[in-house]
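These are the residues of each chain, in order.
Number of protein chains: 4
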Amino acid sequence: MKITQQQIADLNKKEDSVFTSELDLIANRFAKKGVDVNVIVNKVAKFQVAIPSWALGAGGTRFGRFSYGGEPATLEQKLDDIGLLHALTQSAGAVSLHIPWDVPEDYKAIKEVAAGHGIIFDAMNSNTFQDQPGAKESYKHGSLSSTVDASRDYAIQHNLDVIKIGEQLGSKSLTVWLADGSNFPGQRNFQTVLKHTEDSLKAIYADLPEEWKLFIEYKPYEPAFYSTVIQDWGTSFMLANACGDKAYTLVDLGHHLPNTNIEQIVATLMLKGKLGGFHFNDSKYGDDDVTVGSIKPYPLFLIFNELVYGIENNPQNPDLAWMIDASHNTKDPLEDLIQSLEAIKIAYTQALLVNQDELRAAQQDNDVVKCQEILQDAYRTDVRPILKAARQKAGGAIDPLAAYRSLAVRNGLITERGTNSKATGL
Amino acid sequence: MKITQQQIADLNKKEDSVFTSELDLIANRFAKKGVDVNVIVNKVAKFQVAIPSWALGAGGTRFGRFSYGGEPATLEQKLDDIGLLHALTQSAGAVSLHIPWDVPEDYKAIKEVAAGHGIIFDAMNSNTFQDQPGAKESYKHGSLSSTVDASRDYAIQHNLDVIKIGEQLGSKSLTVWLADGSNFPGQRNFQTVLKHTEDSLKAIYADLPEEWKLFIEYKPYEPAFYSTVIQDWGTSFMLANACGDKAYTLVDLGHHLPNTNIEQIVATLMLKGKLGGFHFNDSKYGDDDVTVGSIKPYPLFLIFNELVYGIENNPQNPDLAWMIDASHNTKDPLEDLIQSLEAIKIAYTQALLVNQDELRAAQQDNDVVKCQEILQDAYRTDVRPILKAARQKAGGAIDPLAAYRSLAVRNGLITERGTNSKATGL
Amino acid sequence: MKITQQQIADLNKKEDSVFTSELDLIANRFAKKGVDVNVIVNKVAKFQVAIPSWALGAGGTRFGRFSYGGEPATLEQKLDDIGLLHALTQSAGAVSLHIPWDVPEDYKAIKEVAAGHGIIFDAMNSNTFQDQPGAKESYKHGSLSSTVDASRDYAIQHNLDVIKIGEQLGSKSLTVWLADGSNFPGQRNFQTVLKHTEDSLKAIYADLPEEWKLFIEYKPYEPAFYSTVIQDWGTSFMLANACGDKAYTLVDLGHHLPNTNIEQIVATLMLKGKLGGFHFNDSKYGDDDVTVGSIKPYPLFLIFNELVYGIENNPQNPDLAWMIDASHNTKDPLEDLIQSLEAIKIAYTQALLVNQDELRAAQQDNDVVKCQEILQDAYRTDVRPILKAARQKAGGAIDPLAAYRSLAVRNGLITERGTNSKATGL
Amino acid sequence: MKITQQQIADLNKKEDSVFTSELDLIANRFAKKGVDVNVIVNKVAKFQVAIPSWALGAGGTRFGRFSYGGEPATLEQKLDDIGLLHALTQSAGAVSLHIPWDVPEDYKAIKEVAAGHGIIFDAMNSNTFQDQPGAKESYKHGSLSSTVDASRDYAIQHNLDVIKIGEQLGSKSLTVWLADGSNFPGQRNFQTVLKHTEDSLKAIYADLPEEWKLFIEYKPYEPAFYSTVIQDWGTSFMLANACGDKAYTLVDLGHHLPNTNIEQIVATLMLKGKLGGFHFNDSKYGDDDVTVGSIKPYPLFLIFNELVYGIENNPQNPDLAWMIDASHNTKDPLEDLIQSLEAIKIAYTQALLVNQDELRAAQQDNDVVKCQEILQDAYRTDVRPILKAARQKAGGAIDPLAAYRSLAVRNGLITERGTNSKATGL
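The listed protein sequences derive, respectively, from chains A, B, C and D.
Under the numbering used here, the first residue of the first sequence carries the number 492, and numbering increases by one thereafter.
Under the numbering used here, the first residue of the second sequence carries the number 492, and numbering increases by one thereafter.
Under the numbering used here, the first residue of the third sequence carries the number 492, and numbering increases by one thereafter.
Under the numbering used here, the first residue of the fourth sequence carries the number 492, and numbering increases by one thereafter.
Worth flagging that the hints you see were computed from the coordinates, not collected in a lab.
Every value quoted in this text rests on a predicted model; they were computed, and no experiment measured them.
For every residue, glycine included, the Cβ atom is placed at its ideal position computed from N, Cα and C.
Please note that the accuracy of each hint is not assured.
[As the list claims (entries may be wrong)] Negatives, chain B to chain D, calculated, CB over 12 Å:
1) 492
2) 493
3) 501
4) 519
5) 555
6) 600
7) 652
8) 690
9) 693
10) 694
11) 699
12) 778
13) 803
14) 807
15) 915
[Stated by the list, open to error] As a list, the in silico SDA-like pairs of lysine to any residue whose alpha-carbon atoms are at most 20 Å apart:
16) 627(A) to 808(C)
17) 505(C) to 524(D)
18) 523(A) to 506(B)
19) 861(B) to 861(A)
20) 861(C) to 526(C)
21) 631(A) to 663(A)
22) 631(A) to 553(C)
23) 631(C) to 851(B)
24) 693(A) to 892(D)
25) 493(C) to 897(C)
26) 861(B) to 627(A)
27) 686(B) to 857(C)
28) 763(C) to 689(B)
29) 861(C) to 506(D)
30) 763(B) to 682(C)
31) 627(D) to 555(B)
32) 686(B) to 753(C)
33) 686(C) to 851(B)
34) 663(D) to 611(D)
35) 686(D) to 847(A)
36) 631(B) to 905(D)
37) 631(B) to 551(D)
38) 524(D) to 686(C)
39) 602(A) to 523(A)
40) 861(A) to 557(B)
The task is simple: from the sequences and hints, build the whole structure.
Listed below in structure tokens is the structure:
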């Protein structure tokens, strides 16, 4: 199953062109505020988000998993799925692999498949939260933080192995999500496990290739239900500082306690030059990992408002690694990802519409009402015409979801792969 | 300080008419989906929200209160303020009084002031959470739920007095927010205080005039920090059923535990014919009482989606009593209310754009992706042109906030009232 | 592996008898308050909690599962495990089965195994949250609430089948935990699914045998991450009322939003005669299902304080169905259950120590300080000597955990069953 | 009103001496575990907690305040109240002043009053969250973080003034609780206000006397309801590091988002040598500021477990500043403080009972069940006999609350001060 440029061009021809009139009205309105919408169209056209390899299979909960047909069973098929996404949206030009679920058998072949889809290899993800069949050491009581030396060494070595795999694929960064923690008060000594974790991360950092970056995630709970070693941005930031200049904090939207002001965390990290990457998803309760923008689109915009400000004003940060980290039990994963990409780009575009000079002046005057008006004027604007123009310009489908359904992609995949295929790692 | 129709007409003439072009594009787009935007403009033009008398003074927190100038010191001045709001927005044609803060000295005069502004008297609010100077009984340990018979009787009588005041003003409903609860485990017997509360509410209900309705609010915490007698919708619903057909649950957006699915509560109450009214505000943490739509605009839309559905499909409910219940320490209260009214009407309008038949069909098909698309298509639409058209039609200002500032209303009020006036009850 | 009375008697002989001196001091202290500790010892000795069949295997999270050795692979082995627990604690004389994980192949044989351990069959649990291999209908989009008639009928029939299985085993109640809900706003019509759910429950209720009870659980989220049909006690209570006198609400400690006052819910349900049963576990974040009393022992005591009060004062409720519903990734499940049983009985005993007359008087006087003192005096008392005495009296081990380790039970089970056995359903 | 040693001695004579038998049993039990209870009695006898001057008046909420009689109207009277507490408990030998509420008129006289009660002056508290009558600059839009230079300078100067007052009284530390934040998205630029805050704190730090320490509090929300500049420990820690070695983080138990693992934060800060002080209170929902130990006694114990461990193992931290920060609308404040002191010392004592070597060994073995047993064995022990012995040894009342009531202290205060006195600052 492959989508050709011609197919997309044909579909785009049938699309209603009313969005160009809408775009003109928006452009005129914001020109008066000193915002050039054409510049924004170009920025949006270039914006790329990595797709994690695990988002292409059917995720589930501890209570079960409902399958769907045509699931990609191999790494090649996962790349093919991202290729479909990228052809439609021109925004999914990267993949983020999870090791050991996605170890290539033939590196050259895999790189060719990816290149054929216009996909690069973004951050590599290690896994020290599960015991693999035949594993020599267990992570049952921790990995990088374990009090068992052998488990700790095993986990460090795994991360080094992941780096080596990534080097062969052209990746330049390693994301460490450390699930280590405890389920019961007293189970572990907080100070000891924190020291072990710092030492283990330093050991990995010491072997990090010159051009690589290390991203340290944080999460308050799950799968550990009493404590998690890297429970918040403060701990991640402290550890990144202990490692060195190439270590950064990575923010996953679902990894916060109820009501956390995430945008403020983003601003703080950018001010200090320590924001490395971003995992997008959405949630109402915990790390629900549902479609980006499906639950809290306004906070997503507020976060992008800080990101856009920081990209402009904080050159001390690296280019951010953007990734979607959602799962889905009830949607076709590709449709889910199309919706997530749309939501991310809507928030990004709205943030670009904010006139930062005007906002800065209102903030300086403590004109609270006007500050809110400025943000909400951008947020309330229907920016979908900008996204359509950007996609058209980049060679993608004006309406990717409609195109996906029109081309009957899922049926095609089921025909190719059957209804019982299952993604590695799930 | 009064705003004349001529002033508004003059300001409207200066407004950019580009919104009519935007409106046409919206109307065309939704006409294809079978939604008539003209009908929506009319509905929005008629939509009225009550302003509570206490929202016009400077609210504060337990840590303090920052005043602003021109605060209304009397009930007449409060009505004048609502009159200004209503002149600008044509959406604030009702007031909700709080007794004993707003007992009229001269009923006839007050009714004339209100009528002069086009304001009616919506639900009356009783207050049994504070001891008034000279009070014969104390509410320190509870009012309608008190184990002290005299306190309970005193609180019941207060509610009956409030009804009598309301009758003279033309109000038709009483809202009971019961702050009773406890700060410490063991302090009160849950069963006893619930029984007392049920009996007290029944006593008030027994004296409710024929055409009146009783609204029972719920709230999980604050000012009681361990338990609150009417802690959730389930308790309110149970008590409303115990009272009778004229008793309803009232939902205040800020009165829920973190992550509560409020729209589901709304749907349940409407299905059972027990939703009586709504208090609008917004919050990130608790009952923060900040400007409507300033924190969570998407949940507000989702709630309106249920309200619009219920108004259409659940005739067993009464006309809902809409009220804003926000406070503000950092904004001019009138500007704050203009922003709240705008946010409420945006959410209402977006909900009206949802094609309920199409949604119902997608739900029946379990096409989860399409269901989300339908809701988000409505939500992502910039409906402000519809609001402008509705306001223009109703004789209000196309842009009420700009008009308010252009007319220098606050300065006018300060000139009239000085900088040290203070609203009763605050 | 079986534990004999003689083994327990031998172990008890070796136990330090200092607890009897401690018991005397407690008895003397509370005798002065009019509380007879001997009566409490007897009540504690009789207290029995059902063990769910799924608690005996290694639970996990969506991120994985760490096995341990000697896991019971069959229903017989599960009963044997509970038999070990009961021999040690004399408090685990009941099992709660989960269908289809625990369908007996030979009813007579299973009943004999249970009887041999002194175990009765408590509430039956149905499962409509997973699709079983070969299932004719899918629950992917709901079961009792589904808009698909066939799925709904299939789920109803499953519940009726569970009742039939239960009848053959001597069970007298059915617990319905309905996982139905939605992951995205708009996915389902709240009113429709609530009506379907009410109708489905009524259909099950209509076929409930005369002496049976129907327990309706509630839960705010997980596995559904936007809405759950029976989201709170209010919804469960409403549905139980709609069904009839034999339908009750069942409270699971982990099924609440953050900060919910659960003890107040318990009191309300008992006042209204609608509390049917209780699922014990503990949690810090969500439905973490960790060892009872390991995180929040004081709230557990406060809940028992309401339960003890209600059992005494609300004869309109049935005998409550007590069950542990915990899972565990890091502990030996039998040790975990021993700790849970201990925590439950500690809380129960502390609640029994509260002098209800004295508390009632202090509440009536609004002597808030004294109310707290009364509760905390009971809570701060070290009641473990009472538990030891009760266990000794009932023929159990004075210190069950020490006995379990001393008898090397886990090693025995591993010898019998091997290290790779896996419980059905997990 | 003063309590003499003779009065206390007389009351102690009448106390039941059964606690000494209970103490012996505890001592014997823990001697077997290698824990010397006599050492613990001595530690508890020496333990002192500062009382904040504002805890002696009737606190309230934004909804009101219920007064009680005999409230201390002056700083002298506040010290007298603490003197009463200290005489009874021998644990309240310090006061923490709040400026400008407690500016002494006559330093020498105030110091004599304090010395007469055996009270020292602990950390000074500044107040930049309220505008005082006649203030030259306003904190309406922020203080140390303000974008208005004059407000920022004014707030810095206020803190310097507070230090000077403290120096005259013998205090050695300044606690900065910065309420600055925002109520609405966009209101303030996160990066700008954070930089201002860092600069302001450095300016204060630069003038800190040689032997002084600077404590930086954090709080997620209230009174600001969208963002707070120092929202969490990570931000406080970052700022303390920026200031220098004499700057520390101060933890207030009520200043966390729901479900935060506070004990882990304590451990992290102690490991890094940056824990400066502690504000004790309790809460169920937000910063409820209710009696210590009244809601969550087990988490309090877990926190003390980390504190005791850190005091032993982390000499890089200073002696911690302990303070109660609770308020109360429904209790006599002195009784409330007696209950808080009792709860703090119970948790401290229980933590001292933990055999750290045994716990360390179980943690090293990953014997999760045993780790929990060790902690809970200490927690479940009724340590009140130890507190009684410690108090008796130190010259306090064996049962301070009973003594307080027996001596009719409140009546005495009402006689002296009347029923309408009101504490400064409230």
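Checked hints:
| no. | hint | in the structure |
| --- | --- | --- |
| 1 | 492 | holds, 24 Å |
| 2 | 493 | holds, 29 Å |
| 3 | 501 | holds, 31 Å |
| 4 | 519 | holds, 33 Å |
| 5 | 555 | violated, 4 Å |
| 6 | 600 | holds, 30 Å |
| 7 | 652 | holds, 19 Å |
| 8 | 690 | holds, 23 Å |
| 9 | 693 | holds, 25 Å |
| 10 | 694 | holds, 24 Å |
| 11 | 699 | holds, 26 Å |
| 12 | 778 | violated, 10 Å |
| 13 | 803 | holds, 33 Å |
| 14 | 807 | holds, 34 Å |
| 15 | 915 | holds, 15 Å |
| 16 | 627(A) to 808(C) | violated, 55 Å |
| 17 | 505(C) to 524(D) | holds, 18 Å |
| 18 | 523(A) to 506(B) | holds, 14 Å |
| 19 | 861(B) to 861(A) | violated, 36 Å |
| 20 | 861(C) to 526(C) | holds, 17 Å |
| 21 | 631(A) to 663(A) | violated, 30 Å |
| 22 | 631(A) to 553(C) | holds, 15 Å |
| 23 | 631(C) to 851(B) | holds, 18 Å |
| 24 | 693(A) to 892(D) | violated, 54 Å |
| 25 | 493(C) to 897(C) | holds, 14 Å |
| 26 | 861(B) to 627(A) | violated, 47 Å |
| 27 | 686(B) to 857(C) | holds, 17 Å |
| 28 | 763(C) to 689(B) | holds, 12 Å |
| 29 | 861(C) to 506(D) | holds, 18 Å |
| 30 | 763(B) to 682(C) | holds, 9 Å |
| 31 | 627(D) to 555(B) | holds, 17 Å |
| 32 | 686(B) to 753(C) | holds, 18 Å |
| 33 | 686(C) to 851(B) | holds, 15 Å |
| 34 | 663(D) to 611(D) | holds, 11 Å |
| 35 | 686(D) to 847(A) | holds, 18 Å |
| 36 | 631(B) to 905(D) | holds, 19 Å |
| 37 | 631(B) to 551(D) | holds, 11 Å |
| 38 | 524(D) to 686(C) | violated, 61 Å |
| 39 | 602(A) to 523(A) | violated, 47 Å |
| 40 | 861(A) to 557(B) | holds, 19 Å |
Violated hints for the displayed structure, listed by number in ascending order: 5, 12, 16, 19, 21, 24, 26, 38 and 39.
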